[in-house]
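Chain X is fixed; fit chain L onto it per the hints.
Spelled out, the chains give:
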Amino acid sequence: MQQIINALIKNKVFILFLALLLFSFKFISNRSFYHHSKFDKIAIGLTGGIFNIKHSVNEYFNLKKINNELLIENKKLLKREINKNENKLFNKSNIPFDVFQAKVIKNSIKSSRNYLIVNKGTKDSITREMGVISSKGIIGIIYKVSENYSSVISILNRDLQINAKFKKNNAFGSLNWNGINTNKVKLSDIPVINDVKIGDSIVTGGMSTYFPDGILIGVVSDYEIDLGRGYYEIDVELNNIIGNEINVFILKNKYQAKIKSLE
Amino acid sequence: MLHENIKLVKYFILGVLLQVLVFESWNFLGFIDPIFYIIFILIYKFDGSQIQFILLSFTLGLVIDLLTQNPGSNTISCIVISYIRPFLINFSFGVNADISNGMVSGTRLANRILFVGLMIFIHHLVYFSVSYFSFSTYIDILKNTILTGLLTSILIAITLGFISKR
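Protein chains in written order, with my numbering: chain X, 382 to 644; chain L, 47 to 212.
This is chain X alone, in the form it adopts within the complex (with noise of 0.2 Å):
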């Protein structure tokens, strides 16, 4: 102990140094909007270095639990493809989507405004606003883009609305997180003239250029209305568990940049 504070005094003035510079970059940055995005960037770099490492050990140890969510997605894209010949002439979103294949390396659940670090960037041609979902549900938006890695807001995060409708008749509101169950958020905007039952299931609205139409979200678990304002005020249960997530698909949309020019 005493040589510590020994080692402390004789540093004292090295410590001190550190103490401000340390101050003085976080002054910067809640001054300065450039400065804050480009520490971002780097903060983004070192986490995803790091939680590379422990997601590839984590990995190894998951592997039998993701070739059963394979075999079982494969599946589906099997009666996917067999039925879509069929469907051709009544499929009306035909607004064509990339699809990019990424893992989850860092995901949080634990505060108001959650975000998830993917293992894919500007090099594998990720850019902003993308949207991010895995073969059971949603999961966010791309919001910043490093090299290698980019940060996902996740549907868990207060800040982030999406467009979502039912599936049995097209009603849409507004989905976003209350931050406090993690495995429900809230959908409002659904006028009072709709019929909702416990166990209707919603889907993404395709109104947003984020998501293609029709993707399930999750079902009706509770419902109250608001007569005040004339609409529901619907609870959502997801239907994936977003603190589990790995493998999980980037949309690109080919179109955001016009459908975005004409808004």
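Read the hints as simulated data drawn from the structure, not as lab findings. Cβ coordinates follow ideal geometry from the N, Cα and C atoms, glycine included.
Residues from chain X that face chain L, not an exhaustive set, calculated with beta carbons under 10 Å:
1) Lys393
2) Val394
3) Leu397
4) Leu401
5) Leu402
6) Ser405
7) Lys407
8) Phe408
9) Ile409
10) Ser410
11) Arg412
12) Ser413
13) His416
Structure of chain L alone, referenced to chain X:
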């Protein structure tokens, strides 16, 4: 001792006021704003407490940043320069490094010029590196460092010429 401290406060306030009111909006040749407040860091006594000196330089940079709406480059460059100053003093003045106010009297001109030049160059290099904060703009960083450094050096040389004794 008291006399010394009053003199330091004088240079601190003078540096801040001249920097904020005059030199920050000078725009010599359109883009060169000399960094004059560094005179305080140059003139501070060589054998003073290093901790006190770093804290004073930090305050100086912070005040300048707050008054000129700069995000924080002045603070960082002031801290860096005040931390490495003892090494530069030893390097430039050699055996004379223990003379208390060596910038005013008792040292040779060549040593002073080396010291001031090194201090100004490193300060400006850190300042512009933090301002641009990107490797791809190194040409701009070097250009600004050298041109602004030259103008600062001339101003500092004139000021020091008035206050120093042979």
